[in-house]
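Colleague: Read off the chains here:
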Amino acid sequence: MTSLSGNAVITGARSGIGLAILDKFASCGINVWAVVHRQDEAFLSHLEHLQRDFPVWIKVVQMELSAPESIKAGVKIILQDKLPIDILVNAAGIVGENRLFQMTKLEDIRKVFEVNFFAPIQMTQLLSRVMVRQKRGSVINIASVAGLDGDPAQMEYSASKAALICATKKMALELGSSGVRVNAIAPGITETKMLDAMDESVKQDMVARTALKRIGQPAEIAELCYFLSQKESSYITGQTIRIDGGLMTCKA
Amino acid sequence: MTNLEKYNQAFCTTFNLEEAQLAGLQYQGTELWDSVGHMGLIANLEDAFDIMMEMDDIIDFSSYEKGKELLKKYDIVVG
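Protein sequence lines correspond, in order, to chains A and B. Mapping of the first sequence onto our numbering: position 197 corresponds to residue 197, and the numbering continues sequentially without gaps. Mapping of the second sequence onto our numbering: position 66 corresponds to residue 1066, and the numbering continues sequentially without gaps.
In case anyone wonders, no lab produced these hints; they're calculated from the structure. Positions of the beta carbon are idealized from the N, C-alpha and C atoms, including for glycine.
Cut-off 16 Å, straight-line C-alpha distance, at most; resulting in silico cross-link-like pairs (EDC-like, lysine to aspartate or glutamate):
| id | chain 1 | residue 1 | chain 2 | residue 2 |
| --- | --- | --- | --- | --- |
| 1 | A | K72 | B | D1056 |
| 2 | A | K76 | B | E1046 |
| 3 | B | K1072 | B | D1050 |
If you want the ones that stay clear, here's a sample from chain A, every Cβ over 12 Å from chain B, calculated:
| id | residue |
| --- | --- |
| 4 | G6 |
| 5 | I165 |
| 6 | G238 |
Some chain A residues flagged as far from chain B (calculated, every beta-carbon gap over 12 Å):
| id | residue |
| --- | --- |
| 7 | A42 |
| 8 | L44 |
| 9 | A153 |
| 10 | F227 |
| 11 | Q239 |
Please work from the sequences and hints to get the whole structure.
Modeller: And the structure:
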């Protein structure tokens, strides 16, 4: 598969699926603005390695994704580079606590929505203007099967991802005529830190309900993300693609 | 190129109009100035003046004249 060798913005790039996407893009010659909440030595050292191993640049942009003003300031930094923006991956996400919805404070629900829904919307609003000007671009929202199937433990998480999935369709419809595609990926159970927040019995149940009988790897999600970012997927937009190891509603 | 020339060019390019048709022009006052065309105009203006417009201003941008007024917020004076 040939590389686009373009420029991408990836949120949540410091860990989990976002980091796997960063690795994949860098290895394919795609330059990256890595949007992170915080950075550390290990992350910066990893970026140095990537830039040494592959002909790319990676710029770290710090943003607090629960704060619209911080997003605006971060996007201004990206735009100051005056470079084409070919890909936006909204990968950052948070989970709330496992508890009854009846015992969940509205402010806690809002906090999850700020990062999982409003931040991707704002990022796409601001950066799609550049893509519209370029007449090309691919936006990929990392949603979740929880947004499609629901989740017994995480109301705010699954509701925010469901909202993102619906928004993906609307954005695709609106931006399609300008050559900008918008898709979502709905991973199933995936080996990330977020998995720690999942109740062990729910985790085991989900694995048992996958056809492949295992947890997915972030690198597998990154492969799909890469495909959606490239011209090989040029007729795909407005879709939410499950990547869940064949997760079924009942055990096989 | 003066700011007025840049401003007019953004309108003419986006909506396929002549300069003589711009005075008094309002949102949806010409075929191509629909909501999609509006965002195209904003993109062209942002490009021409190297600015990032606030969402409130994008929504308030209701006419050729109103746009000139709004651009003052970004230190752009269109003659």
